[in-house]
Amino acid sequence: MPRARSPNRDKAYELWSNSGQKKPLKDIAKELGVSESQIRKWKNQDHWGKVTLPNTISNVTNKKTTKSKKNKTVIPEVESVINNPDLTDEQRLFCLYYSKSFNATRSYQKAYGCDYESAMANGSRMLRIDKVKDEVMKLKQERYVRSFISEEDVFQKYWDIAFADITDFLSFGRREVQVMGAFGPVKVKNEAGKEVPLMKEINVVEFRESSEVDGSILAEVKQGKDGASIKLADRMKALQWLSDHMDLATNEQQTRIDKMKLEMTKLNNDPETYEDDGFIEALKGDASEVWDESDD
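Whatever position you read off the sequence shown (first residue = 1), add 98 for the numbering used here.
By construction, these hints were calculated from the structure, which means they are not laboratory data. Because the structure is a prediction, the values reported are computed rather than measured. C-beta atoms are modelled at their ideal positions from N, C-alpha and C, and glycine is treated no differently. Wrong hints could be hidden among the right ones.
Simulated restraints, written as ranges between beta carbons of each label pair [to be verified]: (1) L365 <-> L316: 39 to 49 Å; (2) T363 <-> K139: 46 to 56 Å; (3) T265 <-> D345: 26 to 36 Å.
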């Protein structure tokens, strides 16, 4: 039976986080009555403050006087998070991700760049920090006020589809397993004359948990006679939409879109005609209705 998680482990993180990540580990150890090496071990295992903000956000924080080339307005709720001096970079990211998905584990994983197990342990704990909880509540209220889909929201969704990575949804590789015979594991004698299991390498494909992935860009997940399979939304259709709305893209995004289209064209020597699945028309419809459906 696994040993219960020490409550001091959570308290240690909160003391460190609430100090702006400046409180010495030895002071935390003294306050909690544990060794400094134990605090350092928890810090490494739980990935305290391992990542920094992406350039798109950190540049706004560090260079407030720098104007965008296109003078685009920052979404109000994003600006409020960026300008909140009480939050660390990772906490700001967590608040933004959580206000979109309401999934604490996934939001923590994306903000801190850690593994799923650490995110699952720390995500709910993050919501217990008062300053994080207050910011999340404020974001929720502002998001309801902005109850419509903006051009940027639509652009981001097509961007996610066009540049989706299959490894975000599954892992694959090689694995060594025991050879099984009619009566159980097959064994052979090694050089020392001792019987050992006979091993072989096999190909392995494993789906990630649904709570870890963005299901909104999956077109299909099914279980058939040949096993389970997933199908991503139409990448070429998304690229075409992005190409038709280049005015919404940054210079870097435009370059990446052009490069991806060129690569896709090389893979498909003959142009293909794609059947319209109604996705574009749905987005052109009443924005408030689309928003209501997504909230459900």
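Hints and how they fare:
Between L365 and L316, the C-beta spacing of about 21 Å breaks the proposed range 39 to 49 Å. Evaluation of the 46 to 56 Å hint for T363 and K139 yields a pass: the beta carbon distance comes to about 52 Å. T265 and D345 have their C-beta atoms about 31 Å apart, which keeps the hinted 26 to 36 Å range intact.
The structure shown violates just one earlier hint, number 1.
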